[in-house]
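Peer 1: The residues making up each chain are set out below.
2 protein chains.
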Amino acid sequence: MQHKRFATMACPIARGLDRVGEWWSILILRDAFAGLTRFDAFQKSLGIAPTMLTRRLTALVEAGLLEKHRYADKPPRDEYRLTERGQDFRPVLIAMMAWGNQHFAEDGVRVQIVEAATGIPAEPVMVDRRTGRSLLEPDYVVVRGKPAAAHSGTQEQSA
Amino acid sequence: MQHKRFATMACPIARGLDRVGEWWSILILRDAFAGLTRFDAFQKSLGIAPTMLTRRLTALVEAGLLEKHRYADKPPRDEYRLTERGQDFRPVLIAMMAWGNQHFAEDGVRVQIVEAATGIPAEPVMVDRRTGRSLLEPDYVVVRGKPAAAHSGTQEQSA
Chain A
2 MQHKRFATMA CPIARGLDRV GEWWSILILR DAFAGLTRFD AFQKSLGIAP
52 TMLTRRLTAL VEAGLLEKHR YADKPPRDEY RLTERGQDFR PVLIAMMAWG
102 NQHFAEDGVR VQIVEAATGI PAEPVMVDRR TGRSLLEPDY VVVRGKPAAA
152 HSGTQEQSA
Chain B
2 MQHKRFATMA CPIARGLDRV GEWWSILILR DAFAGLTRFD AFQKSLGIAP
52 TMLTRRLTAL VEAGLLEKHR YADKPPRDEY RLTERGQDFR PVLIAMMAWG
102 NQHFAEDGVR VQIVEAATGI PAEPVMVDRR TGRSLLEPDY VVVRGKPAAA
152 HSGTQEQSA
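Order-wise, the sequence lines are chains A and B. Each residue of the first sequence is one higher than the one before, counting from 2 in my numbering. Each residue of the second sequence is one higher than the one before, counting from 2 in my numbering.
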């Protein structure tokens, strides 16, 4: 049910999610980055059941990605804002968006990240801040092990 | 149940997932990037029920992220390999890993991406391939709209 809804959304993140899992929480974060803060706004954007939205928002607050702020007392109303931890999730969303646009934008790219000054679409690529090079194999490898072992020759390669 | 298991894993991706949702599929992809191809290997790595693993593998094949290859006939045995679409998911995993290490590695970084030649840990950052600059606001903004409208002044900002 959720899957069908996701698949028909224009958003490349939603389309990507459709292929990988059910992630309302990610879409809540996406909307939070778009500036949404209030329950009603999230519900309107996502079209999910209030009970489900409440559950996901509560989980995101408990996980430290969103913070609750009371903006009205009678009746009590809260809004939800991204914490620093939530803000730091942005690269994951951008990577998801790029992947969704790359593989699931059969009808054209509908949401994308552009250079603000020129409107030219960005081509997101993940690099090493120190070297500026792409994090591709074989130049970059994922290693498992405690921090102290990071420079030793006994690393076990992993994902 | 799944959540508790995720939270106690050393993997920063799993820890991140624990905060955001339930994503066995992502962890299957992570293991596929680590070189796992066979059902038994995935099951051993993930410790999930065979029925669940079968379901997730089938979904990833149907979504075009994994391909099934028969490697034995008696009895019939298949292995699962990343497709190009699956390979292209790597930046999402790296972004998840970086975020997990940044926020949930209380006991030290246990899995990370390093420069192969030097062993120096990479600092993953998402940039625009054309300009080399970080995709941060306000320099880069997410816009909604059809491709033809990408350069117009009528874009609706979104995340």
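FYI, nobody ran anything at the bench for these hints, they're computed from the structure. Keep in mind that a hint or two might mislead.
Heads up, the list lumps identical chains together, so a pair's fine if it works in one copy or across two of them.
[As the list claims (entries may be wrong)] Distance condition first, Cα-Cα at most 25 Å in a straight line; then the derived SDA-like pairs of lysine to any residue:
| no. | residue 1 | residue 2 |
| --- | --- | --- |
| 1 | K69 | I121 |
| 2 | K75 | E124 |
| 3 | K45 | V142 |
| 4 | K75 | A64 |
| 5 | K69 | E138 |
| 6 | K45 | R145 |
| 7 | K75 | E138 |
| 8 | K75 | R145 |
| 9 | K75 | D89 |
| 10 | K75 | L137 |
Peer 1: Each hint: holds or not?
Peer 2: Outcome of the hint check:
no. : hint        : in the structure
1   : K69 to I121 : neither (36 Å within a copy, 39 Å between copies)
2   : K75 to E124 : neither (47 Å within a copy, 47 Å between copies)
3   : K45 to V142 : between (42 Å within a copy, 23 Å between copies)
4   : K75 to A64  : neither (28 Å within a copy, 48 Å between copies)
5   : K69 to E138 : between (41 Å within a copy, 23 Å between copies)
6   : K45 to R145 : between (43 Å within a copy, 17 Å between copies)
7   : K75 to E138 : neither (57 Å within a copy, 35 Å between copies)
8   : K75 to R145 : neither (52 Å within a copy, 36 Å between copies)
9   : K75 to D89  : neither (34 Å within a copy, 50 Å between copies)
10  : K75 to L137 : neither (54 Å within a copy, 38 Å between copies)
In the structure shown, a violation is registered for the earlier hints numbered 1, 2, 4, 7, 8, 9 and 10, in ascending order.
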